[in-house]
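Trainee: Sequence:
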Amino acid sequence: MAPAENHLIDLLPQAEQQRLLGVCEPVQLVMGEVLCDRGDPVRHVYFPVEGFICLVTRIDGHPSLEVGMVGREGMVGAALILGVNKVPLRALVQGPGAAWRVDGTAFKRELALSTVLRRVLQRFVYVRLAQMVASAACLRFHLIEPRLARWLLMSQDRAHAEQFHVTHEFLACMLGVRRVGVTAAAGALQRKGLISYHRGEIRVLDRRGLEQAACSCYASDTATYREHMKVAERTATVTCEDPVTIE
301 MAPAENHLID
311 LLPQAEQQRL
321 LGVCEPVQLV
331 MGEVLCDRGD
341 PVRHVYFPVE
351 GFICLVTRID
361 GHPSLEVGMV
371 GREGMVGAAL
381 ILGVNKVPLR
391 ALVQGPGAAW
401 RVDGTAFKRE
411 LALSTVLRRV
421 LQRFVYVRLA
431 QMVASAACLR
441 FHLIEPRLAR
451 WLLMSQDRAH
461 AEQFHVTHEF
471 LACMLGVRRV
481 GVTAAAGALQ
491 RKGLISYHRG
501 EIRVLDRRGL
511 EQAACSCYAS
521 DTATYREHMK
531 VAERTATVTC
541 EDPVTIE
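Just so you know, we're using our numbering here: the sequence shown kicks off at 301 and counts up by one.
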């Protein structure tokens, strides 16, 4: 694994990066692995490098619904940044690959020691909240086909590849729709020449066309991340304040 290759860690000054990486261990994310579940204590924090993770929730026994996705642009375990030691959502590995993992207790110590780390990660928490709000509105008001196009773009961004594996059943759960709706939407995107789909393997054929087919939430999410993480990058240059204690 390369020295960092996670955007949040890369935003930190060199000394801060090395200190954080000093308490991290490299792990391989396995597709379908549940890293943590709702209500669990936060035992580990993950900074993906190659793999990516779905954040999903369930209600009243209904199938899981995706409310977020995390790749190398983010982290899993953000509850600790807010001083909460309980997992709010299931974290399910959607794309296998490398990640940095840090013990929850060690991570809290790093937060207490580093103002820069806290400021950068607080910005990320804000971005995640903004994106989840947009996701709720998207689920209510946007049609399946543009939502599927958005989801495929998000997955491609994090897979860093034109092709990735996903089944209709999985897509239906993630989008909160019936399988027949996913089949119809995927078929429409395929007929337009934007994707190819065969036996669970999706290939993006026309990235620009898929962006045009996606709902406005994709561009909005991207702009939100870019705007606020640029601010985080600027705050990372601020001199650290005295350490504070985090229980």
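Careful, some of the hints might be misleading.
Said to hold, decoys possible - Lysine to aspartate or glutamate pairs mimicking EDC-like chemistry, simulated, CA-CA at most 20 Å apart:
(1) Lys386 x Asp457
(2) Lys408 x Glu316
(3) Lys530 x Asp506
(4) Lys386 x Glu410
(5) Lys492 x Glu445
(6) Lys530 x Asp340
(7) Lys530 x Glu325
(8) Lys492 x Glu527
(9) Lys530 x Glu501
(10) Lys530 x Asp457
(11) Lys530 x Asp337
(12) Lys408 x Glu511
(13) Lys408 x Asp340
(14) Lys386 x Glu445
(15) Lys492 x Asp506
(16) Lys386 x Glu316
(17) Lys530 x Glu333
Read the hints as simulated data drawn from the structure, not as lab findings.
Please read these numbers as outputs of a predicted model, since none were measured by experiment.
Trainee: Taking only the CA atoms, is the gap from Lys408 to Glu511 under or equal to 20 Å?
Mentor: violated, 39 Å
Trainee: Is it true that the CA of Lys386 sits at most 20 Å from the CA of Glu445?
Mentor: Judged against 20 Å, a Cα distance of about 35 Å means the pair is violated.
Trainee: Do the alpha carbons of Lys530 and Asp506 lie within 20 Å of each other, as the hint requires?
Mentor: Measuring from Cα to Cα gives roughly 29 Å; hence the hint is violated.
Trainee: Is the Cα-Cα distance between Lys492 and Glu445 20 Å or less?
Mentor: OK: Lys492 and Glu445 at ~12 Å, within 20 Å.
Trainee: Within 20 Å, alpha carbon to alpha carbon, are Lys530 and Glu333?
Mentor: violated, 32 Å
Trainee: Within 20 Å, alpha carbon to alpha carbon, are Lys530 and Glu501?
Mentor: violated, 35 Å
Trainee: Holds or violated: are the alpha carbons of Lys386 and Glu316 at most 20 Å from each other?
Mentor: violated, 26 Å
Trainee: Checking one constraint from the list: CA of Lys530 to CA of Asp340, max 20 Å. Satisfied?
Mentor: Violated, at roughly 32 Å.
Trainee: Tell me if the straight-line CA distance from Lys530 to Asp457 falls inside 20 Å.
Mentor: Holds, at about 19 Å.
Trainee: What's the verdict on Lys492 and Asp506, does the C-alpha distance respect the 20 Å limit or exceed it?
Mentor: The hint holds at about 9 Å.
Trainee: Keeping to a limit of 20 Å between CA atoms, is the pair of Lys530 and Glu325 held or broken?
Mentor: violated, 27 Å
Trainee: Would the pair Lys530 and Asp337 pass a check requiring their Cα atoms to be no farther apart than 20 Å?
Mentor: violated, 31 Å
Consistency with the previously given hints fails for numbers 1, 3, 6, 7, 8, 9, 11, 12, 14, 16, 17, ordered from lowest to highest.
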